[in-house]
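> Protein chains in written order, with our numbering: chain A, 2 to 247; chain V, -17 to 482.
Since the hints were made in silico from the structure, they are not lab data.
It cannot be assumed that every hint is accurate.
No farther apart than 30 Å at their CA atoms in a straight line, the calculated lysine-lysine pairs in the BS3-like style are these [as the list claims (entries may be wrong)]:
| no. | chain 1 | residue 1 | chain 2 | residue 2 |
| --- | --- | --- | --- | --- |
| 1 | A | Lys64 | V | Lys81 |
| 2 | A | Lys143 | V | Lys75 |
| 3 | V | Lys75 | A | Lys80 |
| 4 | A | Lys128 | A | Lys115 |
| 5 | A | Lys220 | A | Lys57 |
| 6 | V | Lys75 | A | Lys78 |
| 7 | V | Lys476 | V | Lys81 |
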Amino acid sequence: MNNTVLELENISYKYKNDLILNKINLKINSGEKIALLGKSGSGKTTLISVLNGTIKPTQGEVKLFNESFEELDRKQKSKITTIWQDLRLIEDLSAEQNVNCGLLAENNFYFAFKNLLNISSFKKAHKYMKLCRLHNSIYDKKIRKLSGGQKQRVAIARSLIQESNILLADEPFNNLDPKLITTIKNLLLENVDKNNTKKSPKTALVALHRLDLLNDFDKVIGIRDGKIFFNIKRNNLKKIHLEKIY
Amino acid sequence: MNKLKLNYTSLSFLPILVCIPLGYQLINNIHFGGFKLFQEFLISAFNPKIDNEIIITIIKRLNETIFIGFFSWLVSIIFGAIFGIISSNIFYKIFNIPKFFYRIIRFFLTIIRSIHEVVWGIILMQIYGINFSIGIIAICIPYIAVNSKVFAEQLETIDYKSFESINQINAPKFSSLLTLIWNPIINTFKNFGLYRLECSIRSTVILGLFGIGGIGTSIFLSFQTLNFRELWTYLWSLAILIILSGLIFKKIKFNTTNKILSIFFITVFFVTILFSFSYFLYFIFNNNFENFNFVNSFFKSSSDLGLFVFLKLILETIILSLLSTGIAISLPPLVIGIFNNNSSKIFIKIFAFLLRLIPTPVILLTLLTFNNPSLSLAALTLGLHNAGITCKLLFTNLDSQDKRNYIAMNSLGISKKTSWLLGLFSQQAKSYLAYCAYRSDIIIRETAIVGVIGSVGLGWQLKESLSSFAWQEVTIVLIAYSSIAIVGELINGKIKNSLT
Chain A
2 MNNTVLELEN ISYKYKNDLI LNKINLKINS GEKIALLGKS GSGKTTLISV
52 LNGTIKPTQG EVKLFNESFE ELDRKQKSKI TTIWQDLRLI EDLSAEQNVN
102 CGLLAENNFY FAFKNLLNIS SFKKAHKYMK LCRLHNSIYD KKIRKLSGGQ
152 KQRVAIARSL IQESNILLAD EPFNNLDPKL ITTIKNLLLE NVDKNNTKKS
202 PKTALVALHR LDLLNDFDKV IGIRDGKIFF NIKRNNLKKI HLEKIY
Chain V
-17 MNKLKLNYTS LSFLPILVCI PLGYQLINNI HFGGFKLFQE FLISAFNPKI
33 DNEIIITIIK RLNETIFIGF FSWLVSIIFG AIFGIISSNI FYKIFNIPKF
83 FYRIIRFFLT IIRSIHEVVW GIILMQIYGI NFSIGIIAIC IPYIAVNSKV
133 FAEQLETIDY KSFESINQIN APKFSSLLTL IWNPIINTFK NFGLYRLECS
183 IRSTVILGLF GIGGIGTSIF LSFQTLNFRE LWTYLWSLAI LIILSGLIFK
233 KIKFNTTNKI LSIFFITVFF VTILFSFSYF LYFIFNNNFE NFNFVNSFFK
283 SSSDLGLFVF LKLILETIIL SLLSTGIAIS LPPLVIGIFN NNSSKIFIKI
333 FAFLLRLIPT PVILLTLLTF NNPSLSLAAL TLGLHNAGIT CKLLFTNLDS
383 QDKRNYIAMN SLGISKKTSW LLGLFSQQAK SYLAYCAYRS DIIIRETAIV
433 GVIGSVGLGW QLKESLSSFA WQEVTIVLIA YSSIAIVGEL INGKIKNSLT
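Please construct the entire structure, taking both the sequences and the accompanying hints into account.
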């Protein structure tokens, strides 16, 4: 049975005269947890942006559940959630309002309106913020007043609240201390819902720099100069692989 | 020989050279017959007329002014925000609308904005007669376009990455738009909204001088009858209104996290939109439009405006704008720099306040008591009024500036004037020039007001053409006006961008 959820077919992406992604073919199967390795500027962020539809590739096709990404409707596209390296939170909104933004896809305009007026329910947002170990004293604080680690966790809570089956994350463990990294890593990969109960396995592609975090991943992809150098099971990862990409 | 090096500081002073040709023409045009009147005008400032009758008139007239000013502000700020949204990049990105529409809307708003409210007022009065609501409509038309520009500029500052992030969540498009624009809109309203209310009140006063009603009409009538004591009573009452409103505005703090207040603002927002539309429909159906058929009148009218005269009027308007801008830029730093002590500062602040307070037509009419109408006189009037505004800004910026450089230079024995110039003003010169570039946009539009009264440029021609119902001429003059303002805005935009 074909259980591919995301597929890249011969993807290239050119920005000005630079070829950022070069003929990438990739299949991500349901429930797979993939670590994406590569040095800075290797094309990790661009690859994630192509996978979530933010960037249109210059060449090739992105498929979600075997259908072209272009042809999917809004609801289908919302099955992917992304944690960006630069977080991309709305600085003027409070932490809880930002987390509630994750619910915009499943709600109507009135919800967005109530969220901005601070009269919507923040119950769900608070539960996910609590899971991310965010203290309730920061819930109503504006993003620009939070520390780097707090912002990181707000971005993660915003992503988790979407309860999407596919997670794309670009260095999500930045700014976090070792204890928090373990907690957040479990949250991201084990697909727990707001009641802390496990659900169907989550598909995840996470860009990483730290090799000590690879244990929880099934597969490792190495990328260099916009090309995939290896796509192997974690257990098969050798020093020689890493030397190719770093 | 050393070459002259231009920097922001010297560029702030250089435009004062416009005073050479200007002074020459003013001296040649002087007549001494009206000095007594001018003297009487000045003395009356300290001896305004105060009795029961005038106080009742003031209350009535100020009520009218506040009513017109407030409603035109409310409508223009709300519709300004709406047009600001639909003329911003983010709107077209979210809804995937071709950029072609973005350019059309922006161009349309630029044309609307380029014509001063007084011009709109005069045209509308000519068509519909003197009507209370004409004042509101005349202010609203250009103000909506001006406000929309400010809102759109703020919306352009939205981080593209925030847009991508919200877009990736795949929320409904209206939810995404609202979430992204909410805070820039609120912040623009907080920083800019109340200032626009003050502008709206000032515009009401100026339109009043042309017969719309309110305190402006009383000011004009008392000037026409040379009743200067009464005139000053109205001016001082206007000053009290502006000072009081300024104090109230400073106290007002918008708390967007206050739920009741937010709901109140939203209610006002929708009620104003509904009210404006119903009023617009009422206005359409209750005016006898058969009296005015533009197409018919346009083709029936003829234009006697020769090409040479027309080009001369355009040139006069451009020169008028340049001379006024020169005065508005250089006069404040020059005066503050020369009279750089605490007591002089108070005097300059009062004088600048009076220049801002007294409407330009009244300043011009006062100067006309001892000088023949000329381009220089109109330029001086417009320049002085705007110098009052740039002076206020300069004082505000200088007062809030770090004075350590100035103190250090002073302690080295450098003269007070040089220390002020190099230690204080030089740090402000760049931002001051950027503001002056923005101000010169307004000066170009304001040439219409002084033109109408001071027999100069296209403003004067517009009045003449309107009086004779020469609609072809009116259209030509308006196109010329609009073109000058748009070209001016483009040039000033480039200057502003290079300075910020």
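> Give a verdict on every hint.
Do the hints match the structure? See the list:
1. A:Lys64 x V:Lys81: With a Cα-Cα distance of about 29 Å, the restraint between Lys64 of chain A and Lys81 of chain V holds, given a limit of 30 Å.
2. A:Lys143 x V:Lys75: holds (26 Å)
3. V:Lys75 x A:Lys80: Holds: Lys75 of chain V and Lys80 of chain A sit about 22 Å apart, inside 30 Å.
4. A:Lys128 x A:Lys115: holds (19 Å)
5. A:Lys220 x A:Lys57: holds (26 Å)
6. V:Lys75 x A:Lys78: Satisfied, since the Cα-Cα distance of roughly 18 Å is no more than 30 Å.
7. V:Lys476 x V:Lys81: Holds, because 22 Å separates the two Cα atoms, which is no more than 30 Å.
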